[in-house]
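Just so you know, the protein sequences line up as chains Z, Y and B, in that order. Under this note's numbering, the residues of the first sequence are numbered 1 to 267, in order. Under this note's numbering, the residues of the second sequence are numbered 1 to 478, in order. Under this note's numbering, the residues of the third sequence are numbered 1 to 264, in order.
In case anyone wonders, no lab produced these hints; they're calculated from the structure. Hints may be right or wrong, so weigh each one.
Mimicking SDA-like on lysine to any residue, the simulated pairs with C-alpha atoms at most 25 Å apart in a straight line are [claimed, not checked]:
#1 Y:K108 with Z:V95
#2 B:K9 with Y:E79
#3 Z:K89 with B:A127
#4 Z:K152 with B:L17
#5 Y:K400 with Y:K424
#6 Y:K112 with Z:I176
#7 Z:K4 with B:D167
#8 Z:K89 with B:W121
#9 Z:K154 with B:A127
#10 Z:K154 with Y:F92
#11 Z:K4 with B:Y83
#12 Z:K232 with B:A127
#13 B:K156 with Z:I11
#14 Z:K90 with B:T247
#15 Z:K154 with B:D167
#16 Z:K152 with B:G16
#17 Y:K182 with Y:Y227
#18 B:K9 with Z:M92
#19 Z:K90 with B:G16
#20 Y:K112 with Z:I160
#21 B:K9 with Z:I11
#22 Y:K118 with Z:I160
#23 Z:K225 with B:G16
#24 B:K156 with Z:A250
Cβ pair distances, simulated, as ranges [to be verified]:
#25 B:T247 with Z:S43: 46 to 54 Å
#26 Z:S43 with B:M157: 19 to 27 Å
#27 Z:V69 with B:L181: 40 to 48 Å
#28 B:T247 with Y:G20: 34 to 42 Å
#29 B:P130 with Z:P185: 38 to 46 Å
#30 Z:S43 with B:R166: 52 to 60 Å
#31 Z:P54 with B:T247: 43 to 51 Å
Predicted model, so just to flag it, every value in this text is computed and none were measured. Glycine is no exception: its CB is placed at the ideal position from the N, C-alpha and C atoms.
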Amino acid sequence: MIRKAWKSMIIILVLCFLYLPILVLAVYSFTDAANIGTVRGFSLHNYVTLFTTPELVQMIAGTVVLAFVSAFFATILGTLGAIGAFYSKKGMASVINTMNQVPVVNADVVTGFSICILLVVVFGISKDSFIPLVAGHVTLCAPFVFLSVVPKLKQMDSSIYEAALDLGATPFTALIKIVIPQIFPGIVSGFALAVTLSLDDYFVATYTKPATFDTISTYVVNATKGAQTTIKTALWALSTVIFLLVVLFALFMNIRAGKNGQERNGI
Amino acid sequence: MEQGTNIIELKHITKTYKDGFSAVSDFNLEVKKGEFVTFLGPSGCGKTTTLRMIAGFDLPTEGEILLNGEPITALPPNERPINTVFQRYALFPHMNIYENIAFGLRQKKTPKSIIVKKVKKVLELVDLEGFEKRSIDTLSGGQQQRVAIARAVVNEPQILLLDEPLGALDLKMRKEMQLELKEMHKELGITFIYVTHDQEEALTMSDKIVVMAEGKMQQIGTPEDIYNEPANAFVADFIGDSNIFNGIMTGKLKARFCGGEFVCVDDVETGTHITAVVRPEDVVLTSPEKGKIRGIVTSVIFKGMHYEITVESGKNEIVAQSVNCAIVGEHVGVNVEPDNIHIMIAEDHTNIFAAEINKNNELAYNGTVLNVPLTNIIKGSREEDGVLFDASGSEIDLKKIRIKISIRPQDIEMTDEQEDGLVKGYISNLIYKGDHYSYVIHTDLEQDFVVDDEYLWNMDDQVGLLMPVEKMIFTVKK
Amino acid sequence: MHKFMFSRKNLGIPYGLFLAVFVMAPLLVLIYFAFTNGQGEFTLLNLTGFFSDPNTLGTLCYSFGIAAVTTAVCLLLAYPAAYILATSRLKAKSVIVLLFIMPMWINFSLRITALKEILTWAEGSLAYHPFLNTVLGMSYDFLPFMILPIYTTISKMDEALLEAARDLGAGGLQAFLKVTLPLSLPGIISGVSMVFLPAMTNYVVLDMLYNSTYIMGSLIGSYFASYNWHGGSMIALILLGIVCLFTLMTRGIEEENTRGGMLL
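Input sequences plus hints: build the corresponding full structure.
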């Protein structure tokens, strides 16, 4: 059973590497310590700072709103694009597929920089209008929505669309009532992916955001350069809150998946 | 007057794809109200394409489709009073049974109370009372099939199209559903157009069968017509097992084929090239001296209700069905009653004959190895260490398969150097056909070959027949 | 008869236009800027300048070094973990897979902050080991992107193949080297492509860990800060070239759409 122990060791080691920093930070976020390693008493002041400093609250709210707005547009565009490309002639489909692949494989720095040059430098659109920022994030996210939807279209039995037409539905009704419900799981996971990509982005935001607006990423990066301790430790609290939200979301997903599995086995 | 009773007419329908492939060419059909019409043919014969054009999923490149005399050729499928039962059901997986069946009625803005009643009634029709709330994935294949039928029928279409609807069911279920569909057709009085590649299914269910091959209609008629009076060698071969021989009329009501002269009932002009069809159940085996032709039994297979006995006479193979057993190697005589011989004037004269498989797994005829690997002929097969495996990986028993070669008359060449030919014989008949002569060569193996040639040869000339392998078409029968 | 038909394939038009405007047009503009100077005249100076300046060439080498070491570390950690997980029959397997994915959902700058605090505590000052810290930071950031595609590929592999290899006389190691490893290559390629390029360009990780050496991404950042669009465009174009090269080299091997499946 030494092999088994070895295997568990490796898994545990990798998990430690991934989680130890976050967990340590989470523990220290509940103290009034300014640095890790010092032993101090329990305190919630980081959380109070996090939720009462207008600058922090605005930054968090702004990031979330940006993520959902970008994800919304990205989902609509990506889904329509996937359906369109899937039913287009080969040449057209491969053009869309190739273009779609560019932001996926490209470095985010390049994507952000090139959009900045086009919209801000060439067309002179003001960054304060938020147009470059939203356009940049939609460009970043839509290809991933596209990639989440296409497999669902491939899985779908192609004759059910024809069956709907056969039963008197117009092409539009058939699309709304038959095709969209079939690919809906792909759309949802595409949307979720778009939200996380937007929340995580630093580069596109840096090159396209208004000077006065900050996302979590740009704010945190700037904050680590400065030495304001209260803000620094408040960000530990933010890290912990996001971690807990992710855990809750994962638990929810896991329970739902388990339930679905049971239902399927049950009947 | 005839016009009024036709519910649907297809006029010169042709479907050609961009790459030049014609799925259907010059297809003409009239279907009367309330008929049960079946399109029958091997896969790729154009039957499904024709159905899809009637449904409106595909547009014909040429021709016209009329519904009750009105052109509907380019009408989108949702505006046609025609419904389809799909090959793999195509039920909407995210809807329950009620919603699936109500879908069509809802598109027509039918009031809810009427929908509820109609769905209930149609579920009774397909024996699924009370299944409204069930979801699709809790149903068996047969039940899903019934829902698919109910979903189409509830709209009271003028025509119901069924695209191999029983293909995915097991044999027992299929037999049951065949009877039920037939019942349903009677009860509803709707015109059914049914597509299948299963000849037995077509024969049991249909009022009228359309046999198709390579995008063309081969024959249209009642099941009895199709079975008893096949229009050509293809139909005869496709419908049931048949013995098919090339031959020639040698006198009034006299035909020579398979190395013997038989009396027949079809009055065809003397000297005409013919194709003779004899059903295996009509082949009578007797003692050698009583038979019109003689042969040796080469295989006997017990088929449950009867024995299938293969007799070799010269190079001709005759398949017989008999309730009496025979012994391999036994000499027998073969007789056929005159009215069991079906004589067709061979319009295409294609020569069809059996090939043999030698012990090296090579295809041969008359002792000459034909340069075609068996793996090319049997689709998806591969050879390993002298054993042939089919696409699914199981071993093929070469004794159980028969391979037939077809070759057109213009592809055979005659030569004076008899030994060069694949087979030799003498010219037993010739007819001038305007721009070429058509010859019948009676070979040493007692077979008749039809050969076209522009040059004049003489009766009774001894010739060898050159048949290029690349012009041969091989068909495999199990 | 000629009314406008609503058609499914027309739905692709808006997205096609969107991609043309926000993906293709920026790339064309990038090419234009890379080969012009401030006066809008054609020039090759941006290109020759990059390849003749020892500083920028040093940056290119340093980027390659960081990316190569990071990719190797990620692969060494990810492959055993993914392999063990994919071949195990644990009941909690799905939970552990989720644990490997979850870090992707947490903002990377916050995770790097956490790592930075730990490293500061452990090393006293980040200044002593800039290269090590950068590699650790990058690996910490990108590890999930390496684990997931490898895990997916190995999970999809037919177990019977391994059994067949054993049946034909291969030892455990032989079976792994001759069957599992080659078959998991698409996953590895996919993982490498998701780690290598970001490791060459994600200069924020360096900045946050107080490593002041430049990588390729930092060059774009500094050109951006000094409004030198032409110099920045050339760097972007060179990075684009590296992406193209990598894509061409691994064409056909890469697992399709593993990126799309990042969220289960």
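Consistency of the hints with the structure:
| no. | hint | verdict |
| --- | --- | --- |
| 1 | Y:K108 with Z:V95 | violated, 39 Å |
| 2 | B:K9 with Y:E79 | holds, 21 Å |
| 3 | Z:K89 with B:A127 | violated, 57 Å |
| 4 | Z:K152 with B:L17 | holds, 23 Å |
| 5 | Y:K400 with Y:K424 | violated, 29 Å |
| 6 | Y:K112 with Z:I176 | holds, 21 Å |
| 7 | Z:K4 with B:D167 | holds, 23 Å |
| 8 | Z:K89 with B:W121 | violated, 59 Å |
| 9 | Z:K154 with B:A127 | violated, 52 Å |
| 10 | Z:K154 with Y:F92 | holds, 16 Å |
| 11 | Z:K4 with B:Y83 | holds, 13 Å |
| 12 | Z:K232 with B:A127 | holds, 20 Å |
| 13 | B:K156 with Z:I11 | holds, 20 Å |
| 14 | Z:K90 with B:T247 | holds, 21 Å |
| 15 | Z:K154 with B:D167 | violated, 36 Å |
| 16 | Z:K152 with B:G16 | holds, 20 Å |
| 17 | Y:K182 with Y:Y227 | holds, 20 Å |
| 18 | B:K9 with Z:M92 | holds, 9 Å |
| 19 | Z:K90 with B:G16 | holds, 14 Å |
| 20 | Y:K112 with Z:I160 | holds, 24 Å |
| 21 | B:K9 with Z:I11 | violated, 47 Å |
| 22 | Y:K118 with Z:I160 | holds, 22 Å |
| 23 | Z:K225 with B:G16 | violated, 41 Å |
| 24 | B:K156 with Z:A250 | holds, 23 Å |
| 25 | B:T247 with Z:S43: 46 to 54 Å | holds, 51 Å |
| 26 | Z:S43 with B:M157: 19 to 27 Å | violated, 51 Å |
| 27 | Z:V69 with B:L181: 40 to 48 Å | holds, 45 Å |
| 28 | B:T247 with Y:G20: 34 to 42 Å | holds, 36 Å |
| 29 | B:P130 with Z:P185: 38 to 46 Å | holds, 45 Å |
| 30 | Z:S43 with B:R166: 52 to 60 Å | holds, 59 Å |
| 31 | Z:P54 with B:T247: 43 to 51 Å | holds, 46 Å |
Checked against the numbered hints given earlier, the structure breaks hints 1, 3, 5, 8, 9, 15, 21, 23, 26 and satisfies all the rest.
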